[in-house]
Amino acid sequence: MAHKGGNFGKILDIDLTSGKVTTKTFDEPLARKFLGGTGLATYYLYTEVPKGTDPMSPANLLIFASGPLCGTECPGNRLSVNFKSPISGGLGNSYVGGGVSSEMKFAGWDMVIIRGKAPKLSYISVHNDKVEIKDASAMAGKDTYETEEMIKEEIKDPDAKCLVIGPAGEKLVPLACIISERFKAAGRLGTGAVMGSKNLKGFAIRGTGFVPVAQPKAFHAAADAALAENAANDRAPGFRQFGTALSLDQNAWYNDTLATRNYQTAYYPDIVGLGGEEATRTFWQKHAACPGCQIHCMKFGVLRGAEKFEGLIAEGPEYESGVMEGPNIGMSALEESIPLIELCDALGIDNVGAGNAVSFTMELVQRGILKPDDLDGIDAQFGNFEAAYKLFEAIALKKGKAGELLGKGSWAMAEEIGGDAKKYMCASRKQGIAAWDPRTSRGMMATYALGPRGGVHTDGGSAKGIADRVVSSSCCLCYFIHGTWGAKTNSNIITMLNTLCGYNITEAEFETLGKRIITLQRAYSHREAGDNRQGDMPFDRVYEPLPEGPKAGAKWTPEEVKKAQDDYYAYFGWDDNGVPTAECLKKLGLDFCLDSLKA
Amino acid sequence: MKDEMKEEKEQQSSGVSRRSFLRNSLVSMAAVPAMAIAAEAAPAPKTPPAAPKTPPAAPAAKPAKSLMVFRKNCTGCHSCEYACSLYHEGVVYPAAARIHVRRIKGIVDVVSICWHCPDAPCVEACPVTPKKAIYKDKETNVVKYLDEKLCLGSKCNKCVEACPPQYLRVHPVTSKPLFCDLCGGDPKCVKACNRQSRETGEVLRCDAVIGGVHRSFRDVTPDDAVEGMLKNLYYPNTDGGRR
Chain A
1 MAHKGGNFGK ILDIDLTSGK VTTKTFDEPL ARKFLGGTGL ATYYLYTEVP
51 KGTDPMSPAN LLIFASGPLC GTECPGNRLS VNFKSPISGG LGNSYVGGGV
101 SSEMKFAGWD MVIIRGKAPK LSYISVHNDK VEIKDASAMA GKDTYETEEM
151 IKEEIKDPDA KCLVIGPAGE KLVPLACIIS ERFKAAGRLG TGAVMGSKNL
201 KGFAIRGTGF VPVAQPKAFH AAADAALAEN AANDRAPGFR QFGTALSLDQ
251 NAWYNDTLAT RNYQTAYYPD IVGLGGEEAT RTFWQKHAAC PGCQIHCMKF
301 GVLRGAEKFE GLIAEGPEYE SGVMEGPNIG MSALEESIPL IELCDALGID
351 NVGAGNAVSF TMELVQRGIL KPDDLDGIDA QFGNFEAAYK LFEAIALKKG
401 KAGELLGKGS WAMAEEIGGD AKKYMCASRK QGIAAWDPRT SRGMMATYAL
451 GPRGGVHTDG GSAKGIADRV VSSSCCLCYF IHGTWGAKTN SNIITMLNTL
501 CGYNITEAEF ETLGKRIITL QRAYSHREAG DNRQGDMPFD RVYEPLPEGP
551 KAGAKWTPEE VKKAQDDYYA YFGWDDNGVP TAECLKKLGL DFCLDSLKA
Chain U
600 MKDEMKEEKE QQSSGVSRRS FLRNSLVSMA AVPAMAIAAE AAPAPKTPPA
650 APKTPPAAPA AKPAKSLMVF RKNCTGCHSC EYACSLYHEG VVYPAAARIH
700 VRRIKGIVDV VSICWHCPDA PCVEACPVTP KKAIYKDKET NVVKYLDEKL
750 CLGSKCNKCV EACPPQYLRV HPVTSKPLFC DLCGGDPKCV KACNRQSRET
800 GEVLRCDAVI GGVHRSFRDV TPDDAVEGML KNLYYPNTDG GRR
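Top to bottom, those sequences are chains A and U. The opening residue of the first sequence carries number 1 in the numbering used here; numbering runs sequentially from there. The opening residue of the second sequence carries number 600 in the numbering used here; numbering runs sequentially from there.
These aren't lab readings, by the way, just hints derived from the structure by calculation. Please note that the accuracy of each hint is not assured.
[Claimed, not checked] Restraint-style ranges between C-beta atoms, simulated for each label pair:
| # | chain 1 | residue 1 | chain 2 | residue 2 | range |
| --- | --- | --- | --- | --- | --- |
| 1 | A | Asp159 | U | Gly810 | 29 to 37 Å |
| 2 | U | Asp736 | A | Ala138 | 46 to 54 Å |
| 3 | U | Gly783 | A | Asp135 | 45 to 53 Å |
| 4 | U | Arg701 | A | Pro119 | 32 to 40 Å |
| 5 | A | Glu393 | U | Thr739 | 53 to 61 Å |
[Said to hold, decoys possible] Derived contacts from chain A toward chain U, CB cut-off under 10 Å, selection only:
| # | residue |
| --- | --- |
| 6 | Gly71 |
| 7 | Pro75 |
| 8 | Gly98 |
| 9 | Asn128 |
| 10 | Ala140 |
| 11 | Asp143 |
| 12 | Glu146 |
| 13 | Asp159 |
| 14 | Pro237 |
| 15 | Arg240 |
| 16 | Tyr254 |
| 17 | His287 |
| 18 | Cys293 |
| 19 | Val302 |
| 20 | Leu303 |
| 21 | Gly311 |
Since this is a predicted model, take the numbers as computed values, not measurements. For glycine and all other residues, C-beta sits at the position ideal for the given N, C-alpha and C.
Pulled out of the complex, with its shape left as it was, chain A reads as follows:
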């Protein structure tokens, strides 16, 4: 059945080993079942990557998926990147904003699947339906900014949108990420390492088409209403003025959830020198938005009056980068956190995962478990900027003992060091957690420990929240837009989807969609990494009470954790061990996942 709108039903399938480019199609019933974006990409990941595939082998897939609502006037587009993760060994899934997802739709593709491994370092250039695999040996070792500029120059298209890796990705550092438009990252779970393992330095796409709409009048009315709501919401001015850095000051003074010194506390008065207000005053020069979005949450700035980093241009601080490269490693001024954030973007490492690894190292040094000798003589104390800079650089360039050790991420570090180290590790499902302290930010516990990916901060704060989020990310919407839609988020998405694609999705079907996609993701990560109740256990630190601040004493008890897990499994209809049952899989139309239940 042909698609009425939204999706084209076309997938670009590029085999880098042979250089063969083919077009795959999918029909409407399948699109209706998984929508697109993350949902559909997980379906292909499940069915096309055999069980037990090595994440760094050519058999792994790298799927860039755009969603049905991208490339339309619906605000908040982003691209979903899907693969088998080298960090968790299970589901790899990360998102990147910017124009690349809408550009993919304008080029007439819903999704790009990259398989195999190029014989030499290459990049892919897509212009509508013209696809070329080009030599990238001139870009070897170049940072992400330079690579992007070189690609745009070589294909002579300044409007092309790129996804590139830096030196870290080339060196297959598990913490490497994919960078788009200089500062935007698909950061988590080792995206850059997988792209690097395919010998793929960059991916450029440009389209000059448009997305067909099933019911133009109704869709434009719905999207316009959503945009107007977005503009009129009283949270929008704050989001626009400060972006996510709004939370830096708020979380320090009111919510007490600012990760500080490797999550030891959440009280950090020095935030006055790192937060959104300070950045507005001394650093930010320009607001920037992704295509079609009214919340210009990105801020570009330049360092002035900083000795060594005079004239450094960077994006940030955002909440995650601002904390992971700020309070969590004891930095106290923008002149210290900004160069670290910029370094991560330029060399292509995940600034959350790497920040977590560095803060973990610093605590291990504080506790005397690690000695400077283990870290090539770097004196990794909290607040030591020089040491932090060297550590981030070592991770990205895989330099010395420190680079080897930290580049794997906190979980693998704790495994390798052994002993008491695990007590201080803050990681869920093998991935270092983000910048929200889960003791005070109760919902974050669900997204860190129970969400489909683990360790990430954007998967939703409850069972229903997680299910709703995955539907919106299957449409490839940005979560930041939900903040201004509030309770109307689901109905807005339903109305826009129905009018755009010609579907008739109801509230009940929306709920089923969420359950289906989360269960599919769970089946995948259970099949690959054996995720179950034991894997969903949080790290030790959440059971220690928070020592200071307005919410001192907050902590989780094992009973509370068990109850959260029980509720979560019950919502999706999984068994007591957190594994989807055969009955549940059949009910959700996931019969092809039944093999995941076999040991």
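Following the hints, position chain U against chain A.
Using the frame of chain A, we list chain U on its own:
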């Protein structure tokens, strides 16, 4: 040398060289947008000596409108492109929009608009004879097709080359240039932009102009704009690269 030769060639082909154009426009300093005067407190152009008291002709009383952009405030959200293509093409179709935004070096957003200049070099450059394919509509201040079939499309595109701010682009399918028509006097791009420029400051506006846009606004190419914005926003890193 090359430039001079090029200029000479231009002069032969179009009858107006850039230099002579500059000279002319320096003389006609009154050609400044009304809002630019308000913003920069420049002396108002002297009113011509009082004309004999005859009632002015009704349509001429209303000065024609033109677009104006403050590039520095642009967030690069492409809402203007989206709104433009929605109005003209019925779908979101940025490649066929009559306004363009491009992010350069990942840090500056350059808006390209039609300045609706009074001398219209695009019309001047149109080689179609005996009647040019495009003309400047005096009443609405926009360039229109006399007959779209007359346009030679990708075989010619002389107007695209002639546009001083390098604004003109062609339709991705028909290859014919896309002229901004100000949406019939109520530009949709301005509306879309104003919905969100509260925190950044105004980016786009549509105003009545006295005598048309001044060349100091009009003759800025995207490259010039990038250079200016890098200096303005990111000093001392005027190159915009990594440090």
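Verification of the supplied hints:
1. For the pair Asp159(A) and Gly810(U), the beta carbons lie near 34 Å from each other, so the given range of 29 to 37 Å is met.
2. Between Asp736(U) and Ala138(A) the CB atoms are about 50 Å apart, so this pair conforms to the stated range of 46 to 54 Å.
3. Between Gly783(U) and Asp135(A) the CB atoms are about 50 Å apart, so this pair conforms to the stated range of 45 to 53 Å.
4. For the pair Arg701(U) and Pro119(A), the beta carbons lie near 34 Å from each other, so the given range of 32 to 40 Å is met.
5. In this structure the supplied range 53 to 61 Å holds for Glu393(A) paired with Thr739(U), their Cβ-Cβ distance being about 59 Å.
6. At about 7 Å, the closest approach between the beta carbon of Gly71(A) and any beta carbon in chain U falls short of 10 Å, and the interface hint on this residue holds.
7. Taking 10 Å as the C-beta contact cut-off toward chain U, the hint placing Pro75(A) at the interface holds, the least distance being around 9 Å.
8. Given the 10 Å rule on beta carbons, the hint for Gly98(A) holds: about 9 Å separates it from the nearest Cβ of chain U.
9. Among the interface hints, the one on Asn128(A) holds; its C-beta lies about 9 Å from the nearest C-beta in chain U, closer than the 10 Å criterion.
10. For Ala140(A), the interface hint is violated, the least distance from its beta-carbon to any beta-carbon of chain U being 17 Å, above 10 Å.
11. The beta carbon of Asp143(A) comes within 7 Å of a beta carbon in chain U, closer than 10 Å, and the hint placing it at the interface holds.
12. Evaluation of the Glu146(A) hint against chain U yields a held restraint, the C-beta minimum of about 8 Å falling below 10 Å.
13. Annotation: Asp159(A) was flagged as interfacial toward chain U, and the flag holds, the nearest CB pair being 6 Å apart, inside 10 Å.
14. With a cut of 10 Å, the hint placing Pro237(A) at the interface with chain U holds, because the nearest CB-to-CB distance is about 6 Å.
15. Contact between Arg240(A) and chain U, as hinted, is supported at the beta carbon level, the nearest pair being about 4 Å apart and thus within 10 Å.
16. Hint status for Tyr254(A) relative to chain U: violated, with the closest Cβ pair at about 22 Å, above 10 Å.
17. Hint status for His287(A): holds, given a least beta-carbon distance of 5 Å to chain U, under 10 Å.
18. Proximity of Cys293(A) to chain U holds as hinted, the smallest CB-CB distance being about 6 Å (cut-off 10 Å).
19. Of the supplied interface hints, the one on Val302(A) holds, with its beta-carbon coming within about 4 Å of a beta-carbon of chain U, less than 10 Å.
20. Residue-level restraint check for Leu303(A) holds (minimum Cβ-Cβ distance to chain U is 8 Å; threshold 10 Å).
21. Interface restraint check for Gly311(A): the shortest CB-CB distance to chain U comes to about 4 Å, inside 10 Å, so the restraint holds.
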